[in-house]
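Visitor: Please construct the entire structure, taking both the sequences and the accompanying hints into account.
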Amino acid sequence: MILSRTAVLFILSLATLCSYAQTDSVWHKELAIISISESIPLGKQKTIKTESLSGLSDAGQGLSNTSATYIKSYGLGSLATLSLWGGSASQTLVTWEDLPITNPMLGLTDLSLIPMTRNQEVKLNKGGASTTHSSGALTGVMSIHQPIHYSDLVANLTLDLWKGSFGEYGSQFNINKSGKQFYLDLSAFHKQADNNFNYNRGNQVEQLENADFSLTGITLTSGYLINVQNQLQLNLWLQESEKGIPPTLTQTRSVARQEDKLNRLKVKWTHTNDKYKFVSHLAVSDEDNNYADPQILLTAENSFLNLYHSSLLQYYWAKTKLTTKYDLTKTKGFSKSYDASQEELNIFSSYVELEHQLDRFHLTAALRKEWRTFATPPITPLLELRYTLSKWSSSIKLSREYRAPTLNELYWVPGGNKDLRPENGWNKELWINYRYEPKGLAFTTAFYHRKINDWILWAPLENQFIWSALNLGAVRSYGFDTEISKRIRSANWSQEFQLAINYNRSENLIEQRAPRIEQGDQLIYTPLWNTHAGYRLDLNKLRAGIDLNYTSSARGINEDVAAFYNTRFFIHYDIIYKHTTNTFSFTIDNLLDADYRVIERRPMPGRQFILKWTLNFNKT
Amino acid sequence: MRLFTLILILLTVELTAQTTADFESFNLPQDTFLNGSDGSGGFDDGNIRLHNSYNDEWDSWSGWAISTMTDTITPGFTNQYSCISGGGANDSDAYATAFVDGESLLHTTGEGRGVVEGFYINNATYAYLSMLEGDAFAKKFGGVDGTDPDYFYLSIKEHGRRNVNNDSLIFYLADFRSDNPEEDYILNEWTYVSLEQFENVDTLSFQLYTSDKGLFGNNTPSYFCIDELTTTDMALTSVKQPAEPTIDIFPNPTSEQINCRAGEEISFYSISDINGKAIVMNQNMNQAHSINVSLLDAGVYILNLAFRNGSVSTTKFIKQ
Numbered sequence: 001m002i003l004s005r006t007a008v009l010f011i012l013s014l015a016t017l018c019s020y021a022q023t024d025s026v027w028h029k030e031l032a033i034i035s036i037s038e039s040i041p042l043g044k045q046k047t048i049k050t051e052s053l054s055g056l057s058d059a060g061q062g063l064s065n066t067s068a069t070y071i072k073s074y075g076l077g078s079l080a081t082l083s084l085w086g087g088s089a090s091q092t093l094v095t096w097e098d099l100p101i102t103n104p105m106l107g108l109t110d111l112s113l114i115p116m117t118r119n120q121e122v123k124l125n126k127g128g129a130s131t132t133h134s135s136g137a138l139t140g141v142m143s144i145h146q147p148i149h150y151s152d153l154v155a156n157l158t159l160d161l162w163k164g165s166f167g168e169y170g171s172q173f174n175i176n177k178s179g180k181q182f183y184l185d186l187s188a189f190h191k192q193a194d195n196n197f198n199y200n201r202g203n204q205v206e207q208l209e210n211a212d213f214s215l216t217g218i219t220l221t222s223g224y225l226i227n228v229q230n231q232l233q234l235n236l237w238l239q240e241s242e243k244g245i246p247p248t249l250t251q252t253r254s255v256a257r258q259e260d261k262l263n264r265l266k267v268k269w270t271h272t273n274d275k276y277k278f279v280s281h282l283a284v285s286d287e288d289n290n291y292a293d294p295q296i297l298l299t300a301e302n303s304f305l306n307l308y309h310s311s312l313l314q315y316y317w318a319k320t321k322l323t324t325k326y327d328l329t330k331t332k333g334f335s336k337s338y339d340a341s342q343e344e345l346n347i348f349s350s351y352v353e354l355e356h357q358l359d360r361f362h363l364t365a366a367l368r369k370e371w372r373t374f375a376t377p378p379i380t381p382l383l384e385l386r387y388t389l390s391k392w393s394s395s396i397k398l399s400r401e402y403r404a405p406t407l408n409e410l411y412w413v414p415g416g417n418k419d420l421r422p423e424n425g426w427n428k429e430l431w432i433n434y435r436y437e438p439k440g441l442a443f444t445t446a447f448y449h450r451k452i453n454d455w456i457l458w459a460p461l462e463n464q465f466i467w468s469a470l471n472l473g474a475v476r477s478y479g480f481d482t483e484i485s486k487r488i489r490s491a492n493w494s495q496e497f498q499l500a501i502n503y504n505r506s507e508n509l510i511e512q513r514a515p516r517i518e519q520g521d522q523l524i525y526t527p528l529w530n531t532h533a534g535y536r537l538d539l540n541k542l543r544a545g546i547d548l549n550y551t552s553s554a555r556g557i558n559e560d561v562a563a564f565y566n567t568r569f570f571i572h573y574d575i576i577y578k579h580t581t582n583t584f585s586f587t588i589d590n591l592l593d594a595d596y597r598v599i600e601r602r603p604m605p606g607r608q609f610i611l612k613w614t615l616n617f618n619k620t
Numbered sequence: 621m622r623l624f625t626l627i628l629i630l631l632t633v634e635l636t637a638q639t640t641a642d643f644e645s646f647n648l649p650q651d652t653f654l655n656g657s658d659g660s661g662g663f664d665d666g667n668i669r670l671h672n673s674y675n676d677e678w679d680s681w682s683g684w685a686i687s688t689m690t691d692t693i694t695p696g697f698t699n700q701y702s703c704i705s706g707g708g709a710n711d712s713d714a715y716a717t718a719f720v721d722g723e724s725l726l727h728t729t730g731e732g733r734g735v736v737e738g739f740y741i742n743n744a745t746y747a748y749l750s751m752l753e754g755d756a757f758a759k760k761f762g763g764v765d766g767t768d769p770d771y772f773y774l775s776i777k778e779h780g781r782r783n784v785n786n787d788s789l790i791f792y793l794a795d796f797r798s799d800n801p802e803e804d805y806i807l808n809e810w811t812y813v814s815l816e817q818f819e820n821v822d823t824l825s826f827q828l829y830t831s832d833k834g835l836f837g838n839n840t841p842s843y844f845c846i847d848e849l850t851t852t853d854m855a856l857t858s859v860k861q862p863a864e865p866t867i868d869i870f871p872n873p874t875s876e877q878i879n880c881r882a883g884e885e886i887s888f889y890s891i892s893d894i895n896g897k898a899i900v901m902n903q904n905m906n907q908a909h910s911i912n913v914s915l916l917d918a919g920v921y922i923l924n925l926a927f928r929n930g931s932v933s934t935t936k937f938i939k940q
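Residue numbers (this note's numbering), protein chains in the order written: chain A, 1 to 620; chain B, 621 to 940.
Quick caveat, the hints were computed from the structure, so don't treat them as lab data.
Model, not experiment: these values are computed from the prediction.
Among the clues, some could well be false.
As the list claims (entries may be wrong) - Straight-line Cα separation of at most 30 Å, BS3-like style, residue types lysine-lysine; simulated pairs:
id : chain 1 : residue 1 : chain 2 : residue 2
1  : A       : Lys-266   : A       : Lys-391
2  : A       : Lys-277   : A       : Lys-319
3  : A       : Lys-369   : A       : Lys-439
4  : B       : Lys-760   : A       : Lys-418
5  : A       : Lys-391   : A       : Lys-486
6  : B       : Lys-777   : A       : Lys-418
Guide: See below:
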């Protein structure tokens, strides 16, 4: 028996030699964990109650409302992308239950299409993560995850109904049932909105047109605890959405529309014992992204099929942990704009990580190597040393970062460039953390410096009008990210304050002709400052909060985007009767009715309201 | 004396005869276009050659296209070949559409090659509707209240046989700079442009300038259309065909630069790869007659030279 187990271990270790860890790594900095919650996301691994705030918020709204994170939003229901620490949207990897879901064709994720369903968490790990999370994680990882809890038999039925400004309404039904060996969570949701808000255009007030948005979907998370050592998990995410593309301020009208469909299925097997842990994932996703503008006779129908498999093995002995992992991704992209109508991207990725605890020191060393179609990524090492002293901890990290070109950057006609090199460079971080739970005080700050070469940029070719993906320049980014929070509790109430400040300098190091960027210029759409201040009051049945966000001015393509404030207020009230809880929520976004833009020529809404009723039936 | 007078009159008529490039000789069916996909590098009509650069890999073009497109209502680049009048000048079918990337060039050719007298010009539908209504990238001219002093003009420069004239003729395709809103306009009718101010024009370069531009250059689509381009012919008896000059380039193979030695003055050069794909287009030759090729990948290239006397020549070189 011992021989048999040893053989299995040996085979597994070979199979997973040189691989990587994701959520199992301990060193990640979870700066913000948001969920549909009234809590302020802060600090590392904060546990948050999951309760919807304002209808069915998307991940972009959630992050921009409750943290100092820069979300490039093109408007209500429109494209929203995440920029971390002065990076571009394609430099942050997005995962769902450890499955990378960053669009392999576009190289980015539209956060407006990620609804934050009940019981789901969105975690934000800032900092270089190419080694731990593969290509595209240059500046961090946003992971969508639903925790599974096995407990005594608990059943929850929840219905959310809401109505908001600009024709928004929607509903969400959730059933959550768990036992000692099983867990089931099913959410079905629908929301739609006209988003036909008024905005200022010159001296005129106009109403936005063709900005409607609708989204319908189902998410399923189920777990089965076969025995103490083995667990199976199944995740399903089906979704359809449709949105109008509203006119820019330079357009008089737009009839463009976009439809997105996704089907994602994932199975996970976890085996654990006191010596090792083995996790294997198998996933398939099928996604469509169709854009049509009848006005200019343009259609762009794109889709991809993605198969994903990974296995992770962790050994524990004494104060050391060895993690190995491999990932296998096979993607077929279909587009009329590809020369061969379909293109294939194969990625094999391997990772090895060693962690060792020595008194107050914790050392993490990791290596990663990828083999992929049309790119030869370098080996990316990572080294981190953490020192813990009572309530304080600090760490330094050095890592190599890279991002391989996307399918569109390689194959799109016209402009795709099969000879593109991956973006690559080095990242350095210094973290200082303080947490004193009895006093409810927490402090986190990070300083970073990153230089990325072969920055991929779509730019006009010299003497041709064609835009092509080129390795043009180098960019140096540095700054700091600080959060501090204080919670005060008494028997009947609690209060929480938070302040977050994020400074990002991201400068071009090599002069560019098109677009015209001088050496030393701050990159476009990269504000220097993002700040967030929040306050929460919890009087048991009544909860309220206010958020204030500030974003400094940013350089645009045609004009600078002015600095702006965004303020949000919400209040909840519970009426509890036996096993039933009625919660009435009222939210005001853009409380001060500020006229602002995030992207030039893209109007943003003024003050808006959402009224929501939640009926929850709970039985233990 | 009478005989002498008659001969003189005949000779004068022959000397002042004109040829018009109206692009009808391409015999294009209605709503079609030629965008250089045959790799010819340009279009010849009358005594005119219009230069074109076509990218076979990406099915894209710049320079000139020949069109009989009639679509005056579809905005956007999918309708990039159409003229806003729905046809050529004077109710003709065919016309030439320019997509100006930096500059578009034409020059006179053929046995009767002479000087360019003038041509008709109009806005392309893509540019016109963009200025009229705005689009996702470019503004509506005049702005929301119509008071923005926007403009979109064509700068035409002559390149005579013997010298380059840096004076330019400015033609406004749209002009909203007037204090009187009634004077604001976006051209939508064929309008004649006389090149009388130039002398001995045998090569013209066209550049577009707009008030609406950003980091990526012009936001206004860089398109316009021309038709019925008239050249004054030279008398055949007096035309001396320019001999193709002998050229010598060295070093060849090269790693840094090539030097050109020719019997005629070189006006422009372009470089294409062995498949005909343009790498460098229509650059002015410097005084040293040297071309820096250090940024080119190793391989075989074709150097195209255009001379002041109107002749052209090609030769191969190897970049190490």
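Visitor: When the hints from earlier in the document are held up against this structure, which numbers fail?
Guide: 1, 3, 4 and 6
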